[in-house]
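A.B. asks: Sequence:
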Amino acid sequence: MPQGAVWEREYKNPQFLTKDAKPQIDTKRFLRFLGSKQGLALEGLRVLDLGSGTGRNANYIAKLGNSVEGLEISATAVRLAQERAKALSVNAHFRVADMGVEYPFADQSFEVVIDVTSSNSLNDKERSIYLKEI
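In terms of my numbering, the sequence shown opens at residue 209 and continues consecutively.
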C-alpha cells in the first residue's frame with residue numbers, strides 16, 4: 209500500500225482533510241439522483257463505500273436505513289469512522305483495505321458502490337482490479 213503511509217500521516221495530522229462529520233454534498237446529490245431519476249429506494253440497501261475515510265458518507269447512508277461497508281487505507285481513519293458509527297448506532301462497518309486489490313466480499317454483495325474521489329490515486333494495475341471489482 210504505497211498510498212497507505214501518505215494517508216495515515218494525513219489523517220493523524222490533517223492538512224487538507226476536513227474534520228466535519230457531515231456527508232459530502234456530492235454524496236447527497238448522488239443519492240437524490242438514485243432516488244428520483246433511477247427510482248431506487250434508499251433504504252434497506254447494501255452499500256460499499258470505497259475510500260470511506262472517517263465515515264462521513266457511509267454513516268450518513270447507514271443512518272438512512274442501509275447496511276454499509278467501508279474500505280479505507282488509513283487505520284486512523286477507520287478507527288474514527290468506527291467511533292462515529294458507534295455513537296450514531298448505525299449499521300456501518302469499516303476495515304483497513306486497499307481498493308486496488310481484490311475485495312474481501314463475494315460477487316454482487318452490494319446494490320450500490322460509491323467512491324468519492326478516492327480511485328484517482330490508483331495506478332493502471334490497481335485501476336484494472338478496481339474496475340473489475342466494482
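No wet-lab data here; the hints were simulated from the structure.
Being a predicted model, the structure only gives us computed values, none of them experimental.
All C-beta atoms, glycine included, are put in the ideal place defined by N, C-alpha and C.
Please note that the accuracy of each hint is not assured.
Straight-line C-alpha distance at most 25 Å; calculated SDA-like pairs for lysine to any residue [stated by the list, open to error]:
id, residue 1, residue 2
1, LYS220, ALA295
2, LYS271, PHE318
3, LYS245, SER275
4, LYS230, VAL309
5, LYS230, LYS245
6, LYS271, GLN246
7, LYS236, ASN331
8, LYS340, LEU253
9, LYS340, LYS294
10, LYS340, SER297
11, LYS236, LEU272
12, LYS230, ILE337
13, LYS333, LEU253
14, LYS230, GLY212
15, LYS220, GLU291
16, LYS271, VAL309
17, LYS340, SER317
18, LYS220, SER244
19, LYS236, SER329
20, LYS230, LEU253
21, LYS340, PHE318
22, LYS271, SER329
23, LYS271, PRO231
24, LYS236, LYS333
Just the calculated beta-carbon pair ranges, DEER-fashion [stated by the list, open to error]:
id, residue 1, residue 2, range
25, GLY273, ALA213, 34 to 42 Å
26, VAL304, LYS245, 18 to 26 Å
27, SER329, LYS236, 20 to 28 Å
28, ASP228, SER297, 16 to 24 Å
29, GLY247, VAL321, 33 to 41 Å
30, ARG303, ASN328, 34 to 42 Å
31, GLU251, ALA213, 23 to 31 Å
32, SER336, GLY273, 31 to 39 Å
A.B. asks: Which numbered hints turn out to be false for this structure?
C.D. replies: 4, 7, 9, 10, 12, 13, 16, 18, 22, 24, 26, 29, 30 and 31
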